[in-house]
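**Q** With these hints in hand, go ahead and build the complete structure from the sequences.
For the record, the sequence lines run as chains F and D. Going by the numbering used here, the first residue of the first sequence is number 1, and it counts up by one from there. Going by the numbering used here, the first residue of the second sequence is number 1, and it counts up by one from there.
Hints listed in this document are in silico derivations from the structure and should not be mistaken for laboratory results. Certain hints may be false.
It does not matter which identical chain is meant; a pair holds if it fits inside one copy or across any two.
[Unchecked claim] Cut-off 30 Å, straight-line C-alpha distance, at most; resulting in silico cross-link-like pairs (DSS-like, lysine-lysine):
no., residue 1, residue 2
1, K137, K202
2, K45, K109
3, K45, K112
4, K45, K116
5, K45, K72
Number of protein chains: 2
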Amino acid sequence: MVLLFPEDFIAPNRVRLVGRRLAHAREVHRATLGDSLRVGRLNGKMGRGVVTRLDGEALELDLLLDQEPPPKLSLTLILALPRPKVLNRALAAATSLGVHRIVLINAWKVEKSYWKSPRLSDENLLQQRVLGLEQAKDTILPELSLARLFRTFVEDDLPRLMKDSLPLLAHPGGPELCPRGISGPVTLAIGPEGGWVDAELKSFQGLGFRPVDLGPRILRVETALAALVGRIC
Amino acid sequence: MVLLFPEDFIAPNRVRLVGRRLAHAREVHRATLGDSLRVGRLNGKMGRGVVTRLDGEALELDLLLDQEPPPKLSLTLILALPRPKVLNRALAAATSLGVHRIVLINAWKVEKSYWKSPRLSDENLLQQRVLGLEQAKDTILPELSLARLFRTFVEDDLPRLMKDSLPLLAHPGGPELCPRGISGPVTLAIGPEGGWVDAELKSFQGLGFRPVDLGPRILRVETALAALVGRIC
Chain F
1 MVLLFPEDFI APNRVRLVGR RLAHAREVHR ATLGDSLRVG RLNGKMGRGV VTRLDGEALE
61 LDLLLDQEPP PKLSLTLILA LPRPKVLNRA LAAATSLGVH RIVLINAWKV EKSYWKSPRL
121 SDENLLQQRV LGLEQAKDTI LPELSLARLF RTFVEDDLPR LMKDSLPLLA HPGGPELCPR
181 GISGPVTLAI GPEGGWVDAE LKSFQGLGFR PVDLGPRILR VETALAALVG RIC
Chain D
1 MVLLFPEDFI APNRVRLVGR RLAHAREVHR ATLGDSLRVG RLNGKMGRGV VTRLDGEALE
61 LDLLLDQEPP PKLSLTLILA LPRPKVLNRA LAAATSLGVH RIVLINAWKV EKSYWKSPRL
121 SDENLLQQRV LGLEQAKDTI LPELSLARLF RTFVEDDLPR LMKDSLPLLA HPGGPELCPR
181 GISGPVTLAI GPEGGWVDAE LKSFQGLGFR PVDLGPRILR VETALAALVG RIC
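**A** Printed below as a string of structure tokens:
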């Protein structure tokens, strides 16, 4: 699916695309005049776009947007900032799975250098979520925020964010297997490689988080994330 | 965890490691003499290895192997051969999740060139599973086979492989949500990007496979794999 942004619109039902999406339409879809592509308007409806122009400069589409995007999961993800290499995949995966809000949080075992990665630019954080939306055929951008101070976030913001949800803390070696098929809202916290330290565990538990795991295996963050979401939702 | 192979043993309870594992111990673990590392013997027990030598040439460990590896999932994965870039991640993920047997199968929408990828070398197929085992702290290598001919495999081999298991076919847009928490053995077939074609769907259904999905979202193969395993097992 091709995701359309406000600045792409040159008329109420027409867009002009350049750059990545133009190249993708030519090289991957091998689109030609008259072809109908799946499209969706950022935070709006989905449908089809008929190619009315395609050359080295631009792709133009006439749109019919008549479908609602799929519902989001009632899942807030609190994710210890992964190493830069993993961050992009984790963000795209969480977005494609339908997580509706993502908070990237500091933790004791998050290396300080990760917070200086160029991958934390607004542009990249948007781009990875857009790729996740296009993959999943969804248009609703998940909210994303950065919590560079663990304690401030957990004490000042988390109580409000997690209100009326089931709070679960992924903690390998935890006392309880992760529950399945939760029908209501869930707040899921996933730690760094190496896990949460005791003080962090206690902070979460003080707010009512239950430490849960998926059994004795230690999984990479993006694998654990998908397995937990598949199990919980 | 450091996985130990038969050729590493220089005495019943002593190994000498070179290459990747030596470099990893020096550069990532920053091990020193007397340190105790988590180790496991391929297809055997797990435990600790005390560093008795560490220099530019070799790492030697004195072993105490007294723990059983975690149980495997009773899950056979039939996976349409992913594009080479994705293959490594999918293999390591499936292994870390505890899948006990993996079959890489051809399908209409698998590009022929994928079967010529150097990543299908025995060496790489072993290496990716080893990385998955080390990640998950497991020692039991999942069986892996290649089914280059779809029909031959489905008609001649699959009936025996799937015997006494619940056969599920991941099929986005399928009529049924994937069931949760199956207690017995499962055979799970996951198609290529673009999905199974009708003839393939019919072949699987003829053997009793139920087409299931995870909802309206289209996921990347490694995300779908983890979400399905998290849900099923």
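**Q** Determine for every hint whether it applies to the structure shown.
**A** Right, here's what the structure says about each hint:
1. K137 with K202: Close across copies (26 Å), not inside one copy (39 Å); limit 30 Å.
2. K45 with K109: This pair counts as between: shortest inter-copy Cα distance 29 Å, intra-copy 41 Å.
3. K45 with K112: Intra 40 Å, inter 36 Å, cutoff 30 Å: neither.
4. K45 with K116: neither (36 Å within a copy, 41 Å between copies)
5. K45 with K72: within (14 Å within a copy, 43 Å between copies)
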